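So the chains spell out like this:
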Amino acid sequence: MDDIILSVEDLAVSFRSDNGMVRAVRGVSFDLKRGETVAIVGESGSGKSVSIKSIMGILSKNAVIDSGRILYGGENLLEKSEKEYHKIRGAKIGLIFQDPLSALNPLMKIGHQITEALCLNGPMKKEEARRRAVELMESVGIPDAERRFDQFPFQFSGGMRQRVVIAIALARDPEILICDEPTTALDVTVQARILDLIREIKATRNLSIIFITHDLGVVASIADRINVMYAGKIVETGTTEEIFFDPRHPYTQALLASMPDLETSERLASIPGVPPNMLYPPKGDAFAPRNPNAMKIDFQEEPPFFKISDTHYAATWTLHPYAPKFEAPAVLKERIARMRRNEI
Amino acid sequence: MIERGTPLLEVEHLKMSFASGKGKKKVVVNAIDDNSFQIYEGETFGLVGESGCGKTTTGRAIIRLYDPTGGTIRFSGREISGPMTRELRHYLSDNIAMVFQDPVDSLNPRMTVMEIVEESLKYRGIKDARERKERVYDILDKVGLTREHASRYPHEFSGGQRQRIGIARALVVKPKLIIADEPVSALDVSIQAQIINLLNELKEELGLTIIFIAHDLSVVKYFSTRVAVMYRGKIVETAPSQELYRNPIHPYTISLLSSVPQPNPAYERVRKSISYDIARDHIEVPGEERIMREICPDHFVYCNGAEFERYQEKRAQRKGEESHV
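Same order as they appear, the protein sequences are chains D and Y. Residue numbering for the first sequence follows our numbering, starting at 1 and increasing by one per position. Residue numbering for the second sequence follows our numbering, starting at 1 and increasing by one per position.
Worth flagging that the hints you see were computed from the coordinates, not collected in a lab. One should not assume that every hint holds.
Here are some chain D residues pointing at chain Y (derived, C-beta under 10 Å) [said to hold, decoys possible]:
| hint | residue |
| --- | --- |
| 1 | Met21 |
| 2 | Val22 |
| 3 | Leu101 |
| 4 | Asn105 |
| 5 | Pro106 |
| 6 | Leu107 |
| 7 | Val188 |
| 8 | Leu255 |
| 9 | Pro260 |
| 10 | Ile271 |
| 11 | Leu279 |
Keep in mind it's a predicted model, so treat the numbers as computed, not measured. Ideal Cβ placement from N, Cα and C applies to all residues, glycine included.
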């Protein structure tokens, strides 16, 4: 048995809205093993952010948890009171948001925002807190930390702000770090440095990371395992190599085929249609209406997970032994062949 | 080699600066710092760079949303950077149109699709209401929407469809040049490909010339025939897109390209991102100014004489390697 640190089981979350219940997450299960980086990939509205908000216990008031358990340290987090949650949120599980500007208080000095988090560990002398905060700032690569301690967020660039946010998340020495699109708002060169930093702190602090993103490039560079989400469900899960070199779910295939890489010259294989409205979750395979090869059963019954390998599962009827064989799109095959050539 | 027609747009020494504050507090930002380039008929000219490098400002200065601080812009030989007159305004709106990044903010929520798309025709003095309607239906059809969509409001559409409305509005006046400012970056990945394919089809069908402004290098590479890289208000390298991505010369371009994560785990395992350091990566020659110099046909790099020699050597080396393969 692997060392599983966090486990989400059959999580389902809905939101009350004027038009009825929005079924944002519909039965999501995944494990996070110690020391690994698990990515959750999906488009906006696929339920990836709602899943991690449930883990952090920061869902908005109109959210209803329909079912599921989130197991951490042998306990179900969903049954914790707000007071008990305080001992876990931040202390055991840290969170980095997408937008580093709105995650920081614009009226508060950077240093103070870090010491504020540090002091939650227990009472601490002012000088001690300052010393530790400066250390922390240096460890996330903020130059001239002693001086910048007394500056405000607006004096920091986007990349530096994200470093501050990471420093705050690390202040209480969590064992799990959840990164919600941490580099989406940043320029590519800055993004590269922040991803390097996340890799570095993961190694030095032995962190386990849940990484949320829609960018398949970022996923390929940082994840050990990938969960692909569509319409509130995980449709495929596997190691990074399995998802990129052997995608099985029609959605994963279409997603990979629709993105140009630096070598693509042929017409892009775009995905027709739009994601479903989660007020009226579709029956069967949610991707079926956008899948040109969809079978009758895709519209009627929800596919279970079919096993491809010990680590690779996909929820699609195409893997059923009775299903007709479908060829993966030609563009995708070429892409995979190209990636494999790159491997040597 | 790309076939070259006549330049459709010629930009010479374009400068754009913004000032804020007064007296001692006055701060001048040079958003575009003396750039020259030509855009040929039928090509897609990609403009890439990081936020704040001046790529959006360049697009806006061309269509005269801003008044350039210096330099000249010529469209089909006619200068369009001079003082604004009613006639010039009409000339511009007949020939150049813009597609904006945000499909939510760029459409008036109180207007129907018909009103949004029709507006520019009204402005251009087409008085016959029936003709206007026909042209709107026609263009809606071209961008993949239907007649029924015309009476609806923007909020009834998804992001991808809204961007289609934005494209219809730009194309309804039958412009020659489209300036597309990050037209897909606000869209979901599964929708991006739809819009890129649509732009490609329309470009073929209508014979458009496109300036494509974006920060996503894979998309720019895929979509553009020629690419210019901007850094702090300055175009530092231009080349046909294949050439630029295979043989980047300017250290900033190299750094930018090496920073893009590719959806390919095999590549990602070996990719090393290279940082750009102005002091380390350039040779300073006192008294000598940098200009755009041609390294090999159609590939220009912003450099001084000493750097030019170094870059040429490097490029020749690459050529040698290529012929070996």
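Comparing the hints with the structure gives:
1. For Met21/D, the interface hint is violated, since its Cβ never comes within 10 Å of a Cβ in chain Y; the closest pair sits about 21 Å apart.
2. This hint is violated: Val22/D has a C-beta 16 Å from the nearest C-beta of chain Y, more than the 10 Å allowed.
3. The criterion of a C-beta within 10 Å of any C-beta in chain Y is not met by Leu101/D, whose closest approach is roughly 13 Å, and the hint is violated.
4. For Asn105/D, the interface hint is violated, the least distance from its beta-carbon to any beta-carbon of chain Y being 23 Å, above 10 Å.
5. Restraint check, Pro106/D versus chain Y: the minimum CB separation of about 19 Å is more than 10 Å; hint violated.
6. Residue-level restraint check for Leu107/D is violated (minimum Cβ-Cβ distance to chain Y is 23 Å; threshold 10 Å).
7. The restraint placing Val188/D at the interface with chain Y holds, with a minimum CB-CB distance near 4 Å, inside the 10 Å limit.
8. Checking Leu255/D against chain Y: minimum C-beta separation of about 6 Å stays under 10 Å; hint holds.
9. Residue-level restraint check for Pro260/D holds (minimum Cβ-Cβ distance to chain Y is 4 Å; threshold 10 Å).
10. Restraint check, Ile271/D versus chain Y: the minimum CB separation of about 4 Å is within 10 Å; hint holds.
11. Checking Leu279/D against chain Y by beta carbon gives a least distance of about 14 Å; that is not within 10 Å, so the hint is violated.
Against the hints set out earlier in the document, violations occur for numbers 1, 2, 3, 4, 5, 6 and 11.
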